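My request is simple: use the sequences and hints to build the entire structure.
When you line the sequence shown up against this note's numbering, it's residues 1 to 897, in that order.
You may find that some hints are simply not true.
[To be verified] Distance condition first, Cα-Cα at most 20 Å in a straight line; then the derived EDC-like pairs of lysine to aspartate or glutamate:
hint	residue 1	residue 2
1	Lys824	Asp692
2	Lys726	Asp675
3	Lys128	Asp64
4	Lys128	Asp169
5	Lys97	Asp158
6	Lys506	Asp440
7	Lys489	Glu407
8	Lys832	Asp822
9	Lys364	Glu154
10	Lys294	Asp169
11	Lys89	Asp158
12	Lys705	Asp675
13	Lys38	Asp24
14	Lys729	Glu700
15	Lys47	Asp64
16	Lys648	Asp753
17	Lys240	Asp250
18	Lys588	Asp675
19	Lys90	Asp16
Just so you know, the hints here were simulated from the structure itself, not pulled from any lab data.
From a predicted model like this one, the values you see are computed outputs, not experimental measurements.
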Amino acid sequence: MAMRKGNGGNGDLVMDFIFSWSLDDIFNGDLFKEKVVKNPLTFESIKSYLNSYTFPMLEEVRADIASCLEAIAQAPFTNILEINKIGPKKQLLYHIKIGRQNASVTGKNEIYIPKRGDIFVLTDRRPKLVSDLIQNGRSYRIAIVSKGGDDDDEMPPDRYNISLSKSLDNDQFCDIGNSKTSLFAVYLMNIATSSRMWRAIDFQLATKRNLLLVKEVINTKSSIFNDREVPQSDGLGNIKKKLLAFKFNDSQKNAVLSCVSASQRNDKCSIDLIWGPPGTGKTNTTGALLWILKEMKCRTLTCAPTNTAVREVASRYMNLLKENSAEEGALLLGDVLLFGNKDRMNINDNLHLHDVFLDNRVKKLSPWFAQKTGWKHCLDSMVEFFVDCLKLYQYHEFCSINLKRFEDFVRRTFVENSRSLSQCLTTLRTHLPSASVSEDSSRDIVLLLDLLQELNGLLRKNFTSSDLVEVFKSNSGLNSNSKTLELRKSKERCLQVLYRLQSGLKLPPTCSRRGIGDFCMQKASLMFCTASSTSKLYNVKGMIPLNVLVIDEAAQLKECETLIPLQLSVVRHAILIGDECQLPAMVKSKASENALFGRSLFERLSLLGYKKQLLNVQYRMHPSISRFPNASFYNNQISDGPNVVDKKHTRCFLPGHMFGPYSFINIEFGNEVADNLAHSKKNLVEVAVISDIISRLSSECVRTKQRCSVGIICPYTAQVLAIQEKLGKAYNWHRFFSVRVNSVDGFQGSEEDIIIFSAVRSNTSGTVGFLFNHQRTNVALTRARHCLWVLGNAPTLSSSGTIWSKLVCDAKNRGCFFDGKDDKSIMNAMMKSCNGFGKINDQIYNMNSLDISKTQEKINEEEKEEPSNISATILTSVAVAVIGSAVFLIFHCFNQN
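Have a look at this one:
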């Protein structure tokens, strides 16, 4: 593996490593075997701390690329229409034009629109296998997009600059100019986050940044590791009053007060941890914390691991802003700024998030920064109208004054100018950061908007043309015609405010999208973005210093990714909010995972004994649901809130104890099978049972008009896809009923009325794969509000020796364990599933005459209670006997064959 440096043009060593790897290197799991070592809890120096992440990161990038190459047949792609060399030959920089209209829209392949930081394979054929890239002596190139795309206003949307791993001057690419030669870009992954993390752990670059907080987190003797006394500032009394409006419990109030108090001390650095177990109001607490920091004029940056998590915390804050600004009229949004991936944030369905999103804000402000139509032009035009109205009219008419026409001119011109000026001032007032406009100018904007409305009303009155000429004469005084006195006073007040704004409003002389965007980031007092995207702030000149950094879902963030915002200029106070008992960051490489590459700063500080502010009351789960996770993961430190203890929180969606607030439903007849790539597993019997339960739930909710949201959680992607295919779109239109199917990771941070968990694993060896992970189990068991129904093979889970053994035992001890075959509808679904796939499970065969007789006894008991159903019961008992006999005969024949 020979590495060539300096190829990319952006100083990114990650890219140089990628370009140096052959296919054998990429698929070599031992490439960094000797260099990837387990990260310690403590570090001797900043250099050793930063360097400890180097090889685990490279190994993770290698594993990620290998995974993408294995699935290359399903990768999005597009064709390249032009490719031209640019820059010095050694840099291997090229300019490309893609054919968006000709991108793939068939099969499983998506349309590929390149983004900055993308890695794609450049090849002259669409590969179905990795081996196709080098088949028959062929060659390929790895390309990384360095510039261009929809978010780059300097280039057309279909043109990009790329860096290549190798020149195009040899092999089959020599004929690239031939119109018959096809050229494809096959997408692999985006390395923008990895590149940003690399720059954060580069010791030479880090020494030029703010290392105040970095020094604190590696110095275990630092004051941040001691139980510091929280100073009782004079301002805390006012903050306590503000907190009363949020109706917080003591743990929530203490968490906010501790963080706010620490952030007021600029003589010391501080790091606060808020520990928020599921359902304990972490999002509400975070929103209130941000609200109070904003009220205290603390400039705050809030980030999270994903765009979805950023959207969640930003939405909560915007709801608070809306609630608290309702009486003030117009919502002032300029101090709040959200930036990141617009598509992944899915902000179009949220008006307020749409208004604070950076790209949209730049679009709204751009017309008013333009030279010919901007805010200065609007102010100057209105001043000119008031001062030189008669001259403007004469110039317009090329003649002496026609009184009738002058009357029309005044009203028409005023309406045009005032409409444009009002739109401009309203946009500026709504979307400019308050730090960019003085308090005097801000008041003048509000005053001028009112005065323009007032003047518009006066001009509609029955003034003669002579009156208007009198008003707009340059030498007209206020003591002349008493009839026009009010109109003249209104005009003069407008002029005075206009003059003040002309001299007092100071905005940057830029009309470029980037310039306006930088201006917004320089001044905004509360910003939201992903932790990775905070790197954009490094390049913004003239930034007002940040006071506080808030990291939400901090336990899901790799520690080296946390270093990106921690090194931002001047930041001295950080607040980490999360729960290390839930899912950590995803790591694909087993070697990197073993090296603790995915460990968060939150978890490491917690392991070192750093004090955490625990939110200790949960408001989501029925007590029957919260009992096991509380005991298993939180040492019974969490109490149930009054709302979940209330009887109203107990809701019955289906009849029978099996479908109570919490139950384990034993599905022994299932059979786990691998998907086509053998990467994931599914259990089609559990799919059939879930489909049956969903059908019954839907019918019941429609019948009773009871609203219900259902989440189906699966530990395996193959099971997610199988359930989605089985359910189809049958429940998309329901008014009272909604169903969502996703993986455990996809449900983190979510909640639904009912959660159905499909454990999938069903084998005789007790193997449960990554179900053993406590954090994944915790997430799965804590998403439900009213009902949690766990479907799984009890013998498999009980013999696994994992947390699932304890869960099955706990369900039995609490009387929450049920056998699926005891429910007629579920039993029928299982039988149909087995017959439909031509497989007879051993456990169905083992349902011998004793099982049938027990079922018959249960039916007889039901007959005594419901004599009116004797005929139906007799038919059911006969059916059970027939099915049992048929199963035995089929299985016997199956064995004979």
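Status of the hints after comparison with the structure:
A threshold of 20 Å between alpha carbons decides the hint, and for Lys824 with Asp692 the separation of about 11 Å falls inside it, so the pair holds. Proximity of Lys726 to Asp675 is assessed by CA-CA distance (about 16 Å); at most 20 Å being required, the pair is judged to hold. Of the pairs offered as hints, the one joining Lys128 and Asp64 holds, with about 19 Å between alpha carbons and a cut-off of 20 Å not exceeded. With a C-alpha separation of about 25 Å, the suggested pair Lys128 and Asp169 falls outside the 20 Å cut-off, and the hint is violated.
Annotation: proposed proximity of Lys97 to Asp158 holds, straight-line Cα distance about 6 Å (limit 20 Å). A hinted pair counts as satisfied when its Cα atoms are at most 20 Å apart, and Lys506 with Asp440 qualifies at roughly 12 Å. Annotation: proposed proximity of Lys489 to Glu407 holds, straight-line Cα distance about 19 Å (limit 20 Å). With a C-alpha separation of about 16 Å, the suggested pairing of Lys832 with Asp822 holds against the 20 Å cut-off.
Taking the CA atoms of Lys364 and Glu154, the gap is near 19 Å; set against the 20 Å cutoff, the hint holds. Of the supplied pair hints, the one linking Lys294 and Asp169 is violated, its CA atoms being roughly 57 Å apart against a limit of 20 Å. A C-alpha spacing of about 24 Å is found between Lys89 and Asp158, which places the hinted pair above 20 Å, so the restraint is violated. Among the hinted pairs, Lys705 with Asp675 is inconsistent with the structure: their alpha-carbon atoms are about 39 Å apart, more than 20 Å.
With a CA separation close to 25 Å, the supplied pair Lys38 and Asp24 exceeds the 20 Å bound. The straight-line distance between the Cα atoms of Lys729 and Glu700 is roughly 18 Å, inside the 20 Å bound, and the hint therefore holds. Note on Lys47 and Asp64: the hinted pairing is violated, with a Cα-Cα distance of about 26 Å set against a maximum of 20 Å. A hinted pair counts as satisfied when its Cα atoms are at most 20 Å apart, and Lys648 with Asp753 qualifies at roughly 13 Å.
At roughly 11 Å between alpha-carbon atoms, Lys240 and Asp250 fall within 20 Å of each other, so this suggested pair holds. About 19 Å separates the Cα atoms of Lys588 and Asp675, which keeps this hinted pair within 20 Å; it holds. Distance check on the hinted pair: Lys90 and Asp16 sit about 13 Å apart at the alpha-carbon level, within 20 Å; holds.
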